[in-house]
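Those sequence lines, one after another, are chains A and B.
In this text, residue positions in the first sequence follow UniProt numbering: the first is 1, and each later residue adds one.
In this text, residue positions in the second sequence follow UniProt numbering: the first is 1, and each later residue adds one.
Each hint should be verified, as a subset may be incorrect.
What follows is a list of derived Cβ distance ranges for each label pair [stated by the list, open to error]: (1) B/Tyr155 - A/Lys130: 48 to 54 Å; (2) A/Asp62 - B/Ile28: 42 to 48 Å; (3) A/Leu7 - B/Val55: 28 to 34 Å; (4) B/Glu10 - A/Gly59: 35 to 41 Å; (5) A/Ile124 - B/Ile28: 37 to 43 Å; (6) A/Asp62 - B/Ile124: 42 to 48 Å.
Listed below are the simulated DSSO-like cross-link pairs for lysine-lysine, each with C-alpha atoms no more than 27 Å apart in a straight line [to be verified]: (7) B/Lys87 - A/Lys98; (8) A/Lys87 - B/Lys87; (9) A/Lys156 - A/Lys65; (10) A/Lys111 - B/Lys2.
Reference excerpt, derived from the structure (chain B facing chain A, CB under 10 Å, subset only) [unchecked claim]: (11) Pro8; (12) Arg14; (13) Asp47; (14) Ser57; (15) Glu58; (16) Gly59; (17) Ser83; (18) Thr89; (19) Leu90; (20) Ala91; (21) Thr116; (22) Tyr147; (23) Glu172; (24) Ser194.
Hints are computed from structural coordinates only; laboratory data are not their basis.
Where is the CB? At the ideal position from N, CA and C, for every residue including glycine.
Protein chains: 2
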Amino acid sequence: MKTEFVLPGEIEKRSFEIIAAELKERNIKLDNKLAPVICRAIHTTADFDYAHTLVFSEGALDKLKELIKSGAAIVTDTNMALSGINKKTLAVFGCEAKCLMADETVAKLAKEQKTTRAAVSMEIAASWNKPTIFVVGNAPTALMKLYEMYQAGLYKPAFIIGVPVGFVNVVEAKEEIMETDIPYIINKGRKGGSNVAAAICNAVLYELSGRKCV
Amino acid sequence: MKTEFVLPGEIEKRSFEIIAAELKERNIKLDNKLAPVICRAIHTTADFDYAHTLVFSEGALDKLKELIKSGAAIVTDTNMALSGINKKTLAVFGCEAKCLMADETVAKLAKEQKTTRAAVSMEIAASWNKPTIFVVGNAPTALMKLYEMYQAGLYKPAFIIGVPVGFVNVVEAKEEIMETDIPYIINKGRKGGSNVAAAICNAVLYELSGRKCV
Chain A
1 MKTEFVLPGE IEKRSFEIIA AELKERNIKL DNKLAPVICR AIHTTADFDY AHTLVFSEGA
61 LDKLKELIKS GAAIVTDTNM ALSGINKKTL AVFGCEAKCL MADETVAKLA KEQKTTRAAV
121 SMEIAASWNK PTIFVVGNAP TALMKLYEMY QAGLYKPAFI IGVPVGFVNV VEAKEEIMET
181 DIPYIINKGR KGGSNVAAAI CNAVLYELSG RKCV
Chain B
1 MKTEFVLPGE IEKRSFEIIA AELKERNIKL DNKLAPVICR AIHTTADFDY AHTLVFSEGA
61 LDKLKELIKS GAAIVTDTNM ALSGINKKTL AVFGCEAKCL MADETVAKLA KEQKTTRAAV
121 SMEIAASWNK PTIFVVGNAP TALMKLYEMY QAGLYKPAFI IGVPVGFVNV VEAKEEIMET
181 DIPYIINKGR KGGSNVAAAI CNAVLYELSG RKCV
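Only chain A is shown next, with the shape it has when bound in the complex (with noise of 0.2 Å):
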């Protein structure tokens, strides 16, 4: 046997440690801060480019836990994403995530109107009347319409958790968002995925309910 037992907290526990040795056989010095949440990324992909390139806006974790501490509405991109979010640790502070994407009149008004699912998904998750943080790990077209809409003046989010991971459109969306003055957390390049997003949103709802990982 190559293996030995571990039970589930330990691994989470090991596994941080392990995270962090690297980072510093690496020469690399994450902000205290922000630690969580980019660890977080790299436990759940053992992909360390997060260390770099992961972004977040000045005060973004501040204003995301502000959000989730007020009950925010969370929208997705991928029900993967949102079967990947703590729903249990997100309902303790009111907070409610849905995806929208299997909805029948989304997929209906994207053929009518030529455009994506994850993109009218955004525009109906715009006209809730909350403030609402977008976890996009998936569809650029999902940032792009998000962007439009800020640029058109007609909407500005509350937060935009932007990881989407592909080929096309992926580095620019991103790109995009980062001009604006809309709070984000970013992973710059073509990486990403709802993994990822997932992951980000439970670092954060770790942090606020007090368990520590980093």
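With chain A's structure known, arrange chain B on it following the hints.
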């Protein structure tokens, strides 16, 4: 504007063209048969490491396709992986995917047995009287339980998609499965994830339903 709107189908097409071009630039020549799976893992992660680390037991894809065509059961170790699998396409083949992780009995048994819910989930799925594809994107303990049952001569999984991600027991648990004669697709090393697990399933489903990407 740095971005230009591209329709979803076109995004996928262009993305796979970019992946093919960059594989060529890197002098990486993929096996024709395996390329759709490997390219979809790269598409899902924007990480070309998968071209080097995804490994397949002999005849793995034919075996997996046969299992799906004959309506095998699928069990995942996360709801996130389950959520990412294209269930409409799966249903065409009479297959059903399940995840037992949120099951209350599973949580209870895991607590009693001082083990993980993932390990208990695998044990329960092993008791289904049906060929089962085990899709592991998160918990090395799921692979460890499958290996333990196999070694004890209690059970042999029909197929394992073994792509858990992480720092503790992940590398080793994958190696153990690769030493058996269980048909597998495994991502060597630390990387993987629920998104990669779902992407591998979807790549095979798309192949079976004639949706060509590569």
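So, going through the hints one by one against the coordinates:
1. B/Tyr155 - A/Lys130: 48 to 54 Å: Cβ of B/Tyr155 to Cβ of A/Lys130: about 50 Å, so the range 48 to 54 Å holds.
2. A/Asp62 - B/Ile28: 42 to 48 Å: holds (44 Å)
3. A/Leu7 - B/Val55: 28 to 34 Å: holds (29 Å)
4. B/Glu10 - A/Gly59: 35 to 41 Å: holds (38 Å)
5. A/Ile124 - B/Ile28: 37 to 43 Å: holds (41 Å)
6. A/Asp62 - B/Ile124: 42 to 48 Å: About 44 Å separates the Cβ atoms of A/Asp62 and B/Ile124, which means 42 to 48 Å holds.
7. B/Lys87 - A/Lys98: holds (20 Å)
8. A/Lys87 - B/Lys87: holds (23 Å)
9. A/Lys156 - A/Lys65: With Cα atoms ~18 Å apart, A/Lys156 and A/Lys65 stay inside 27 Å; holds.
10. A/Lys111 - B/Lys2: holds (24 Å)
11. Pro8: holds (5 Å)
12. Arg14: This hint holds: B/Arg14 lies near chain A, its Cβ roughly 5 Å from the closest one there, short of 10 Å.
13. Asp47: holds (7 Å)
14. Ser57: Violated: closest Cβ of chain A sits about 18 Å from B/Ser57, beyond 10 Å.
15. Glu58: Result: violated, 22 Å to nearest chain A Cβ.
16. Gly59: violated (25 Å)
17. Ser83: holds (4 Å)
18. Thr89: violated (15 Å)
19. Leu90: B/Leu90 check fails; min Cβ-Cβ to chain A is 15 Å, beyond 10 Å.
20. Ala91: Nearest chain A Cβ about 15 Å off; hint violated.
21. Thr116: holds (5 Å)
22. Tyr147: Given a least distance of 8 Å, the restraint on B/Tyr147 holds.
23. Glu172: holds (4 Å)
24. Ser194: Hint on B/Ser194: holds, closest Cβ of chain A at ~6 Å, below 10 Å.
Violated hints, in rising order: 14, 15, 16, 18, 19 and 20; the structure is consistent with all others.
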